[in-house]
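Participant: Here are the chains, one letter per residue:
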Amino acid sequence: MSELALAAILLVPLAAAALLAALPDDRTTAWLNVLACAITFLAALSLLAVRPAPGHFLIVDDLNIVFIVLTTFVALTTSIFSRSYIGHELESGRLTSVYLRFYHAMYQTLMFAMNLALLANNLGLMWVAVELATLTTVLMVGIYRTEAALEAAWKYFLLGSVGIALALFGTILVYLAARAVVGEGLDAMAWSVLVQKAAGFDPALLNLAFLFLLLGYGTKVGLVPLHAWLPDAHAEGPTPISAVLSGLLLNVALFAILRFKSVMSANPGALAPGPLMVSLGLASVVFAAFMLYRRQDIKRLFAYSSIEHMGIITFAFGMGGPLANFAGLLHMVLHSLTKSAIFFCVGHIAQVKGTQRMPDIRGLTVSHPVLGWGLVLGVVAIAGLPPLGLFMTEFLIVTSTFARQPLLAIVLGLSLLVALGALLARLNGLAFGEPQGRSEPSRASFVPVGAHFALVLVAGVWLPPALVAWFQYVARILS
Amino acid sequence: MIDRLALDIAHLCAGGLVLVSFMLLYQDRLTGLINTFALHALVVSFSVAWQAYIQQAPQLYITAAIALGVKAVVIPLALHRIIVRLGIHRSIEPVVSIGQTMLAGIGLVALAVMVMLPVTAQAGTLAREDLAFALSVILLGLLMMISRRNAVGQVIGFMSIENGLILAATGAKGMPLVVEISVAFSILIALIVVGIFLFRIRERFETVDIHLLHEHRGEQP
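Chains as they are written, first to last, in this note's numbering: chain R, 1 to 479; chain X, 1 to 221.
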């Protein structure tokens, strides 16, 4: 039974991709996309109840189940948003019917790739999946074929594939380290075996491998100074893809780093991975916080905010310890929900105003109350203001750091304030004042936005004890 | 126990690959660059085939055949067609001068050897030098990608990095078939990039000089 669910998570997106590439009709395909995501999500939920035994290639364990449920859920809500978004793009002629088929097929292929990367029990398989995910997103970022979109896709392709290449080299080195202990064959690449046997690996080889892996997968996470592709890719692609990139794909890359981090931590002689992750994370937070000020493009603004939040999460996991890991994990989940909801709003806003330039967007709460207040709520949440969930996790991260490294906590706290200032200043212009510029009535679907914000709000006020216990358990495993 | 001659030939191939990587660095015409890349792929394919023979790992012959068929023949032919159709067989200018690029390349090879040899002391003779050579090829490929402005040059730089990775993966004895699958994926990437990207860029701008795609960041007030 649970094997069936596991198969469904991978095969449903794959079959849907083939079907969606073949079907010509615009309206039904968007629904089919939603349906495929819904089935995948249900299959993922069923894994919470019963888990299949780990195999050579696939594994469901305490860590990846969190990511799987989150990924399939956000994929489902994004597909609902995508339906109304794409309808508008077809009417305005930015996308043709042929490109729509391509878009839907790529969307499902991306879901397949991300689910495979999360479920893989094999270093090589995970690498292939991340590579496939990169490839599909590159193609989707370039789908509008404007000058800017092509430049963004090209930049993303170059940086992404160099990152992926470095990660493969790191993977080969990990295999070499494992081979000396585990022996040749599939076992030397299986997570479940690696973590158990890591204590006997050659520390020098592991250190070198982790450097390559951190730089390689770190490029995909968007850590400074490897982030250059991220704002362009977010700004120029279709907005549903920005939502999935920020909400999910960055997490998948971070997940890869976490897996390798636990192998490193299991080896007493190896370099501690924490300080490396802390410095990259902190650099990202500081850099992104200041970069937020001079943005003119609304999607680019929130792309930089994603860099900031991935920095916070990497920082938290780098600090380690049950409390910081717990906060980092929860922050990751809430950031995914919040950021994708913001992109849902931003996508509709860009459509009704006909522009992404922030100086041309004013007074949204007056002209489009639901979209405008949705954006206000989203920015308040992402800036880390109470009572929403991200306030609690940021508070936990800063205070737990204070107890151990006061200086780092001060730098982190100040950067968070700087980012808060930038976001609120921008929000003031966007949401309030006299409406100006073009304005169409919006036919947005508010179900996805509402669902995400409801979850984030509930998480800020009351966390179910079962969820807390579950996340605390995962946090202990990580530390 | 692998005999001495077999090892020497394996190292000759790997060293040859580093040499061809240097040759890639100083090509200042696109046609020459593409031909040199074909040679690069040829050396890698021979090197993989030799590894398959001495490790008695028949599945590696598939990797060698893919490298030979796709990277040494199909992609170079396709690239030749593209540059002829676009009329850009004129000379290309690297960002920094060739002398400086070569010096940087020598530095990178020294770095790769110094980093890899101490670390892989226990990994066995075959893997040891192979990894040092492979890292050199990867770093030289990166250097090539940053020193070229032209899209064709950057794609070739990336594919030479892939060749380095294949060398590393085959040098790690007994690595499961997954890597071969991934190699197939990488070739897929190369195909898609050459096919779609260059085609799209040409459609829009009639040029593949990335430098001419003006910065369009939306940051200007």
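It should be emphasised that the hints constitute simulated quantities derived from the structure, not laboratory data. There could be a bad hint or two in this list.
[As the list claims (entries may be wrong)] Restraint ranges, calculated between C-beta atoms of paired labels, are given here:
1. R:Trp31 with X:Gly15: 40 to 46 Å
2. R:Arg94 with X:Arg149: 27 to 33 Å
3. R:Ala451 with X:Leu103: 53 to 59 Å
4. R:Leu11 with X:Arg149: 55 to 61 Å
5. X:Gly32 with R:Leu407: 53 to 59 Å
6. R:Arg94 with X:Leu86: 23 to 29 Å
7. X:Gly87 with R:Ala425: 47 to 53 Å
8. X:His80 with R:Val69: 56 to 62 Å
9. X:His80 with R:Leu11: 39 to 45 Å
10. R:Glu184 with X:Arg149: 41 to 47 Å
11. X:Ala65 with R:Pro406: 57 to 63 Å
12. X:Leu117 with R:Phe402: 40 to 46 Å
13. R:Ser97 with X:Leu117: 56 to 62 Å
14. R:Leu11 with X:Gln122: 37 to 43 Å
[As the list claims (entries may be wrong)] If we take Cβ atoms under 8 Å as the criterion, some of the chain R residues that face chain X in the derived model are:
15. Arg83
16. Gly124
17. Leu158
18. Val162
19. Leu176
20. Glu184
21. Leu186
22. Val461
23. Trp462
[To be verified] List of simulated lysine to any residue pairs, SDA-like, C-alpha gap at most 20 Å:
24. X:Lys173 with R:Ala180
25. X:Lys173 with R:Val447
26. X:Lys173 with R:Val182
27. X:Lys173 with R:Asp187
28. X:Lys173 with X:Ala78
29. X:Lys173 with R:Val181
30. X:Lys173 with R:Glu184
31. X:Lys173 with X:Trp50
Predicted model only: the values in this text are computed from it and were never measured. No residue lacks a Cβ here, since even glycine has one placed at the ideal position from N, Cα and C.
Participant: Regarding the hint that Glu184 (chain R) lies at the interface with chain X, is the smallest CB-CB distance below 8 Å?
Facilitator: holds, 3 Å
Participant: Regarding Trp31 (chain R) and Gly15 (chain X), is the given constraint of 40 to 46 Å on their beta-carbon distance met?
Facilitator: At roughly 58 Å between Cβ atoms, Gly15 (chain X) and Trp31 (chain R) fall outside 40 to 46 Å, so the hint is violated.
Participant: Do the numbers back the hint for Val461 (chain R), that is, is its least Cβ distance to chain X under 8 Å?
Facilitator: Nearest chain X Cβ about 37 Å off; hint violated.
Participant: Identify whether the interface hint at Arg83 (chain R) stands, where standing means a beta carbon of chain X within less than 8 Å of its own.
Facilitator: violated, 26 Å
Participant: Could you tell me whether the CB distance from Leu117 (chain X) to Phe402 (chain R) stays inside 40 to 46 Å?
Facilitator: Between Leu117 (chain X) and Phe402 (chain R), where Cβ atoms are some 44 Å apart, the hint holds.
Participant: Lys173 (chain X) and Asp187 (chain R) were given as a pair; does the straight-line alpha-carbon distance stay at or below 20 Å?
Facilitator: Distance ~14 Å between Lys173 (chain X) and Asp187 (chain R) Cα, so the pair holds.
Participant: Should the hint that Leu176 (chain R) touches chain X count as held when the rule is a Cβ pair under 8 Å?
Facilitator: At 5 Å from the nearest chain X Cβ, Leu176 (chain R) passes the 8 Å test, so the hint holds.
Participant: Going straight from one Cα to the other, do Lys173 (chain X) and Ala78 (chain X) come out at no more than 20 Å?
Facilitator: With a Cα-Cα distance of about 33 Å, the restraint between Lys173 (chain X) and Ala78 (chain X) is violated, given a limit of 20 Å.
Participant: Checking hints one by one. Is Gly124 (chain R) an interface residue toward chain X, by the C-beta closer than 8 Å rule?
Facilitator: This hint holds: Gly124 (chain R) lies near chain X, its Cβ roughly 3 Å from the closest one there, short of 8 Å.
Participant: Is it true that the C-beta distance of Glu184 (chain R) to Arg149 (chain X) lies inside 41 to 47 Å, as the hint says?
Facilitator: holds, 44 Å
Participant: Does the Cβ distance between Ala65 (chain X) and Pro406 (chain R) fall inside 57 to 63 Å?
Facilitator: holds, 60 Å
Participant: If you draw a straight line from the CA of Lys173 (chain X) to the CA of Val447 (chain R), is it 20 Å or shorter?
Facilitator: At roughly 53 Å apart (the allowed maximum being 20 Å), Val447 (chain R) and Lys173 (chain X) break the hint.
Of the numbered hints given earlier, the model fails hints 1, 4, 8, 15, 22, 23, 25, 28; all others are met.
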